[in-house]
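Generate coordinates for the entire structure from the input sequences, incorporating the hints supplied.
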Amino acid sequence: MAFPPICIGCSAATTLHGGLCPACWPLLAFIDKPYCFILGTPMEFDFGEGQVSAAALADPPPFDMARSAVVHHGLGLKLASRLKYGDRADLARPMAQWMVRAGADLLPFCDLVVPVPLHRLRLLKRRFNQASELAAQVSALSGMPLRQDALVRRKATRSQVGLGRAERAANVAGAFAVPRRKRAVLKGRAVLLVDDVYTTGATVGAATRALKAAGASHVFVLTFSRVAAGAAPPHMWQDFSERPRTDGAGYGLYAAALRFLHKRKGAAG
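To convert, note that position 31 of the sequence shown is 31 in the working numbering; the numbers rise steadily by one, no gaps.
It is possible that part of the hints are untrue.
[To be verified] The list that follows gives simulated cross-link-like pairs (lysine-lysine, DSSO-like), each with its CA atoms no further than 27 angstroms apart:
id, residue 1, residue 2
1, Lys155, Lys187
2, Lys84, Lys125
3, Lys212, Lys182
4, Lys187, Lys84
5, Lys182, Lys155
6, Lys33, Lys78
FYI, nobody ran anything at the bench for these hints, they're computed from the structure.
This is the structure we're talking about:
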C-alpha cells in the first residue's frame with residue numbers, strides 16, 4: 001500500500017516524502033556560516049574563512065573538526081527525540097540528508113563512517129542505535145564505507161541528560177574502545193564519527209580518543225543537531241553594549257571585536 005507524503009514535522013500533506021511543509025520549514029534552525037571552523041558553533045559575526053571561536057582556542061577538542069546540521073531546539077530537538085525515543089527510524093534518511101549538506105567540507109577528507117555506539121545493555125533496552133541509523137544513511141548518501149563495529153562502548157555509562165560539562169566528561173571517560181581485530185581498518189584512516197546530538201562534546205571527545213589511540217589519523221565529527229547556548233561564553237556573548245561582566249563574559253580580543261563592530265554598526269545607522 002502506498003501512503004501519501006506527509007511533513008515529518010507536523011504530518012501535514014506535502015509533495016515529497018521526508019520533507020517539511022511550509023509552516024514547519026522556518027521552525028528548523030539550520031546552521032550556516034558564520035560558524036567556528038573547528039567546533040562548528042554558530043557565530044554572531046563573519047570574520048572570514050577559518051574563523052575560530054574562543055571556546056576552541058581555550059580548550060581545543062581532540063577531534064579535528066565538527067559540523068552539525070541544525071540547532072538543538074524547537075523542531076530540531078523534536079526530530080532528534082522522535083528518532084531516539086519514538087521508534088521513528090524513518091526520520092534517519094531526511095536527517096542524514098541535512099547532515100551531508102552540513103558536512104560537505106569534511107566528507108572529501110574522510111575514508112570511512114563510524115557511529116557512536118551504545119552499550120549492549122542499552123541497545124537491548126532501546127532496540128536500535130539512532131547514531132547507527134544516521135551513519136548508515138550518511139554512508140549511503142556519500143558513498144563512504146560504513147564500519148558499524150569499529151568502535152564499541154565497553155562501559156555502561158549513565159544517561160548524560162541533566163549532567164554538567166565536567167560530569168559528562170567524567171561519565172564517558174574510558175567508555176569507548178576499538179576491538180583489536182578492527183585496528184587495521186582504522187590505521188592511518190580519517191574517520192567520520194556520526195552521532196545524533198552534540199551537547200558539550202564529551203561523548204564524541206571520548207570516542208575520538210579511542211579511535212586515535214587505535215591508529216586513526218584524523219577524526220571529523222558530524223551530528224544532526226547541536227546545543228548552541230545564546231549567552232555567557234565570550235564567543236556567544238550577545239550584550240555588546242555593556243562593559244564585561246563579573247562572570248567573565250565579554251573579556252578577550254574576540255569580545256572586544258564584537259563590541260567594536262556593534263558600536264560601528266550603531267554609528268552607521
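Hint by hint, here is what the structure shows:
1. Lys155 / Lys187: 23 angstroms, holds
2. Lys84 / Lys125: 12 angstroms, holds
3. Lys212 / Lys182: Distance ~13 angstroms between lysine 212 and lysine 182 Cα, so the pair holds.
4. Lys187 / Lys84: Cα-Cα ~31 angstroms, so violated.
5. Lys182 / Lys155: 18 angstroms, holds
6. Lys33 / Lys78: Satisfied, since the Cα-Cα distance of roughly 23 angstroms is no more than 27 angstroms.
The earlier numbered hint that this structure contradicts is number 4, and it is the only one.
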